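The lines below spell out each chain.
There are 2 protein chains.
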Amino acid sequence: MKAIHLPLVTHLHHHNLDLTKNRVPMVYAYQDVKTSKKSNRLGEKLPNLLNIQKNVPPPSTHSNWNNIHEDKANTPTMSPKEDISDRWRDIHGIQEWEGLLDPLHPLLRREIVKYGEFAQATYDALDIDSFSEYCGSCMYNSHKLFDKSGLNKSGYKVTKFIYAMSQIDMPQWLERSKLTYTWSKDSNWIGFVAVSDDEESRRIGRRDIVVAWRGTVTPSEWYENMQRKLESIGHMDSKVEHGFLSIYTSKCDSTRYNKSSASEQVMKELKTLVDFYKTKSAEQVSLTITGHSLGGALALLNAYESAANFPKLPISVISFAAPRVGNIAFRDELYQMGVKILRVTVKQDLVPRMPGIVLNESLQKFDDLTGTLEWIYTHVGAELKLDVRSSPYLKRGFNFIGIHMLETYLHLVDGFVSSSSTFRSNAKRDVALVNKACDMLVDELRIPTCWYQLAHKGLECNSYGRWVRPKRDPEDIPSPTGREENTYGF
Amino acid sequence: MKAIHLPLVTHLHHHNLDLTKNRVPMVYAYQDVKTSKKSNRLGEKLPNLLNIQKNVPPPSTHSNWNNIHEDKANTPTMSPKEDISDRWRDIHGIQEWEGLLDPLHPLLRREIVKYGEFAQATYDALDIDSFSEYCGSCMYNSHKLFDKSGLNKSGYKVTKFIYAMSQIDMPQWLERSKLTYTWSKDSNWIGFVAVSDDEESRRIGRRDIVVAWRGTVTPSEWYENMQRKLESIGHMDSKVEHGFLSIYTSKCDSTRYNKSSASEQVMKELKTLVDFYKTKSAEQVSLTITGHSLGGALALLNAYESAANFPKLPISVISFAAPRVGNIAFRDELYQMGVKILRVTVKQDLVPRMPGIVLNESLQKFDDLTGTLEWIYTHVGAELKLDVRSSPYLKRGFNFIGIHMLETYLHLVDGFVSSSSTFRSNAKRDVALVNKACDMLVDELRIPTCWYQLAHKGLECNSYGRWVRPKRDPEDIPSPTGREENTYGF
Chain A
4 MKAIHLPLVT HLHHHNLDLT KNRVPMVYAY QDVKTSKKSN RLGEKLPNLL
54 NIQKNVPPPS THSNWNNIHE DKANTPTMSP KEDISDRWRD IHGIQEWEGL
104 LDPLHPLLRR EIVKYGEFAQ ATYDALDIDS FSEYCGSCMY NSHKLFDKSG
154 LNKSGYKVTK FIYAMSQIDM PQWLERSKLT YTWSKDSNWI GFVAVSDDEE
204 SRRIGRRDIV VAWRGTVTPS EWYENMQRKL ESIGHMDSKV EHGFLSIYTS
254 KCDSTRYNKS SASEQVMKEL KTLVDFYKTK SAEQVSLTIT GHSLGGALAL
304 LNAYESAANF PKLPISVISF AAPRVGNIAF RDELYQMGVK ILRVTVKQDL
354 VPRMPGIVLN ESLQKFDDLT GTLEWIYTHV GAELKLDVRS SPYLKRGFNF
404 IGIHMLETYL HLVDGFVSSS STFRSNAKRD VALVNKACDM LVDELRIPTC
454 WYQLAHKGLE CNSYGRWVRP KRDPEDIPSP TGREENTYGF
Chain B
4 MKAIHLPLVT HLHHHNLDLT KNRVPMVYAY QDVKTSKKSN RLGEKLPNLL
54 NIQKNVPPPS THSNWNNIHE DKANTPTMSP KEDISDRWRD IHGIQEWEGL
104 LDPLHPLLRR EIVKYGEFAQ ATYDALDIDS FSEYCGSCMY NSHKLFDKSG
154 LNKSGYKVTK FIYAMSQIDM PQWLERSKLT YTWSKDSNWI GFVAVSDDEE
204 SRRIGRRDIV VAWRGTVTPS EWYENMQRKL ESIGHMDSKV EHGFLSIYTS
254 KCDSTRYNKS SASEQVMKEL KTLVDFYKTK SAEQVSLTIT GHSLGGALAL
304 LNAYESAANF PKLPISVISF AAPRVGNIAF RDELYQMGVK ILRVTVKQDL
354 VPRMPGIVLN ESLQKFDDLT GTLEWIYTHV GAELKLDVRS SPYLKRGFNF
404 IGIHMLETYL HLVDGFVSSS STFRSNAKRD VALVNKACDM LVDELRIPTC
454 WYQLAHKGLE CNSYGRWVRP KRDPEDIPSP TGREENTYGF
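Each protein sequence line maps, in turn, to chains A and B.
Here the working numbering is used: the first residue of the first sequence is 4, the next is one more, and so on.
Here the working numbering is used: the first residue of the second sequence is 4, the next is one more, and so on.
Calculated from the structure, these hints are not laboratory results.
Some hints here could point you the wrong way.
Copies of one chain are not kept apart here, so a pair can be met inside one copy or by any two copies together.
Stated by the list, open to error - The list that follows gives simulated cross-link-like pairs (lysine-lysine, BS3-like), each with its CA atoms no further than 30 Å apart:
hint	residue 1	residue 2
1	388	84
2	431	474
3	474	398
4	460	151
5	147	460
6	188	398
7	151	431
8	262	147
9	398	350
10	460	156
11	474	156
12	460	398
13	232	254
14	388	350
15	431	160
16	460	474
17	188	271
Here the structure is a predicted model, which is why all the values come from computation and not from measurement.
Same shape as in the complex, but just chain A:
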C-alpha cells in the first residue's frame, strides 16, 4: 500500500512553539482560529511564512510559444477512450494502486480526469451571482447539467441533485444571495449522483454510480472556520471533523430542500440505484465518489456511510485537494470495509495539510501543528502527488487560490508521467481551462484570467432596450420535491 500516512509537511519550518512539549493542540488551535473573514490576508501571509517559493526555478521558456499555441488549438482535447472492462478493478484500487501511480498508468490517468471533471461540473454550473435569487443553486436542471458543462460525451447521466444545509457551524462555506426573497435561504446545491449509460458501462466493465461533491469556491473561507473538533461517527472509535460532518448530516423540517440531510438524500438515491442495477438487473455495479477540497472531505464521509450500507459493493474515492477528515480509527475502519481511496494532491497546495496548519492570529503567522495533529487527524488512502513546477504552462509565483483550483489539478494530472520526469509533451487536455477562475497560466498562452463567465454576467438586453437578468427557465428552477425526474428508465 502506498503513502497511507505520509507526512506532507517535512519541509515546513517549526516556529517558536515546541509542539512536542505542548500537546494541547486542539484547544490551542480552537482559540487561535477566529471565525472572522480574512481569506485575503491569509493568502498573502502564507508564502512568506511557509517559504513556499524557496528554490523555485525561473519560469521555463518555450522556444516558440506561438507555434505551440496554434498547434494545440487544432488538436482534439482527448484521445479516444479505450476499453478498460478487464482492468477496472485495478484502476479503482483493488491492489491499492500499487505500481500504477509512479509512473502513472495512462488508463488510470484518463479515469482520474474523468471523475475530476464530474467534480468540476459542480463548480461550473453553480450560480454564484449574489444578486440572483437562485444564488447557491445549480443553474441548470439535472438533465441539462452535463450538456452545459461540456460533459455530454461523458457516458453518464445525472439522476439526482443533492442539497446541504447552509446554516451550520462553518459559517462561510456557502454561497449566499443578497436578496431577501431567494429559492432557499437554508440550502446550497452540494453535488449530484450520476450513473453510466449502457455504452460507457460496456467500456468500463460495470455499471458505475458516481457521486460528485462540490467544494467551496474560496476554500480559505472555510478552513479558517473549521472547529477542529472531532466528533464520533458510527459505533466504533471513528471520529471526524465536526464541520464536515455537520454539512453532511444537517437537516431541518422547516426548510424546503433539507427536510432530509445530504447524507439521507444521497443514501436514498444510492439504494434506489443499487437495488435496480445490482439486485434486480444483476449487473456488476461500482460506486465511485469524487470531490474537490471540502467536496473531497464529504466524499470520504459518503464512502464511509456507503460501505456500511452496501457491504459488498466495490467503493472507491478519488479526491482532489482534500483536507484531513478524521482520526486513525476512522482511517482503519475505512480500510477494513474495503473502501479504496486515491487522494490527488499538489505539493504546494496548503489545503491537504489542513487541519494541521493553524493561523496564529496573535503572532500573525502560521504554525505547523502537524507534529501533534497528525496523531489526531490523519490522511487515508494512496496519494498521487503532483507539483505545480512540473508544468511549463503555469506561473511560478505562489498563488494560494490558483494552486488549489481543481482545474489546476486536472491539468497537472493530465501532464503527469512520473515524479522523476517532465510534463507529458503529448498531454491533450485544453490548457486554457486552468484559468477559468484564476490567474495561473503564463502570459505566453494569451488566456485571460477568470474567463469562465456568462456574457454580460448574465444580463440580457430585452426588447425595450433594457439590460435585465432574464427569468430562469422554469425547468431549471430547483425543485424541492425531492428526487429529480429520473433519467434511467424505471
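Based on the hints, put chain B in the right spot on chain A.
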C-alpha cells in the same frame, strides 16, 4: 453666460501649505508628481484627504425596489425624438445656454445624452484585452461600430476612425498589448467622425458632423503623469497642457497608423465633409465635438483648430468630466472664434479639478493648488453641474473611478431637472448601464458590477473542444490605409 470660471474647490481643505505665500506651483507640482503607477493607492487616499464623504446622507430607500425594478424593465429606454429643427442653435449654445441649464431644458437634456453616447461608444468598442494582438484598437470596423454599441438608431453614420500615437510624454494613457506582434505598437484608436443621415438631419435642422474622442479607461493613470507644462498653440498667447497637445499632434513616419497625427486625420476628414455638405450641397452644417475625461480635453483642442480652419461653421463642444486644458488666452481665443462649450461635470468628480489638485508624494496627500493654478489653467464655457447624491440609484460611498465614469454622468444627466429638485422620476435611460465597468448602483437594483464584457472574455470553444480566442473578422482588423471606406455616398 453661466459659470465660465466657477471655482470647483470651495469645500476642499487646505492642508499645511499656505499656497498664497508659495507661488511656484509649476515647479512644485512637477517635482511631486512622479511617473510611477499608483492609481490604486491614489483612489484610496482621495476620500480621506478631500473629506468627500462629509455630510453624505445615508442611502435613500425606495419603498418597493422590486416593483420599481420590474416596472422599469418593461419601459422603453427613450422617449420618441422630437423635432428640434428650429431650436438647434439654442440647444448648441448660441445664447451660451442661458436659461437652459437650471432647470435643464428637456430637449437639451436629450441632445446631451445623444452626444455622450457617441463618446461612450469609444469605450464600449475598445479592445482592452491585453492578450489580444488588437489591444488598443476598435473591435469593429467603422460600419459596424454603432450597431455593436446600441447606436443603430442614432441617425448618424461613422465616416472615419482616428488614431493617436501612444509613445508620448504621458506614458500611461494608452492600452498596450502584452504581445510582441500586434496590430500597432505605436497607436491607439482614439475616436471617430460621424455625420447625421438625412432623416436625423431633418429632425435636428442641419447636417451635423460629430467628432467623438475617447478618454482613458483609468484616468488616475494619466492625470498623475500630466506634465503641467503649458505649450503654445496657434499664433497668439494661447497655451495648453503639453500632454494633451502631444496626444493630439504627435506623428511618426515609421508608424502604420500615425504617419499623420490625430489632428491631421480629423481635420482632413472634416474638410472633406464640410466641402461636400456645405460647399457642394449648400446644406446647413454644424460641427459638434464630444469627449469624456481626456477625450474632453482633446475635444477642446479639436474645436480650437476647427474654428481656425472653418471660420463660419457653427461649432460646439459638449464635454464630460474634462480637465482644464489651457490658459486664459486659450479660453478667450475660443470665445472670440465663437466656439460654444458646454462642460458637464459632477461635483464629486476630481478630474474636472485637474490640473489644480496635485499629489504630494512626500507628504502622502493631495494638495489643492487651484488658488494659484487657476490663474494658469482655466476652464472654459458653460457648466452643467451634476451631483451623484441626486440619484437614488447610486451608492453613497466615495468611488473615485465610478464617479468619473461616463455612464454615471449620462445617468445623472438623464435624471437632472434642476439644482434644487430631486432626480427626475420619469427618467427612462437604463440605469443598469451605470455598472458597465464599475460598482456604483445600489444592491437593490441587482445589477452585477463591471458586467459589460464578452462571454468567456472572448474565448470560444472550437470544433476540437478547445477554448481559443477566435481570429478577428478580417473586415474588423484595423486598416492603416488612412480613411475608411466612406459611407456617405461620394
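How the hints compare with the structure:
1. 388 x 84: Within one copy, since 24 Å is at most 30 Å while 67 Å is not.
2. 431 x 474: For residue 431 and residue 474, only the inter-copy Cα distance (22 Å) is at most 30 Å; the intra-copy one is 38 Å.
3. 474 x 398: between (39 Å within a copy, 26 Å between copies)
4. 460 x 151: For residue 460 and residue 151, the Cα distance is within 30 Å both inside one copy (16 Å) and across copies (18 Å).
5. 147 x 460: both (20 Å within a copy, 23 Å between copies)
6. 188 x 398: between (39 Å within a copy, 26 Å between copies)
7. 151 x 431: Within one copy, since 21 Å is at most 30 Å while 36 Å is not.
8. 262 x 147: Within one copy only: 25 Å inside a chain, 55 Å across chains, cut-off 30 Å.
9. 398 x 350: within (15 Å within a copy, 44 Å between copies)
10. 460 x 156: Both: 27 Å inside a copy, 25 Å across copies.
11. 474 x 156: Classified as both: same-chain Cα gap 29 Å, cross-chain 27 Å, threshold 30 Å.
12. 460 x 398: Both, since 27 Å and 20 Å are each at most 30 Å.
13. 232 x 254: within (20 Å within a copy, 69 Å between copies)
14. 388 x 350: Classified as within: same-chain Cα gap 6 Å, cross-chain 58 Å, threshold 30 Å.
15. 431 x 160: Within. Shortest intra-copy distance 25 Å satisfies the 30 Å Cα cut-off; inter-copy 47 Å does not.
16. 460 x 474: The answer is both: 14 Å in one copy and 23 Å across copies each meet 30 Å.
17. 188 x 271: Within. Shortest intra-copy distance 24 Å satisfies the 30 Å Cα cut-off; inter-copy 63 Å does not.
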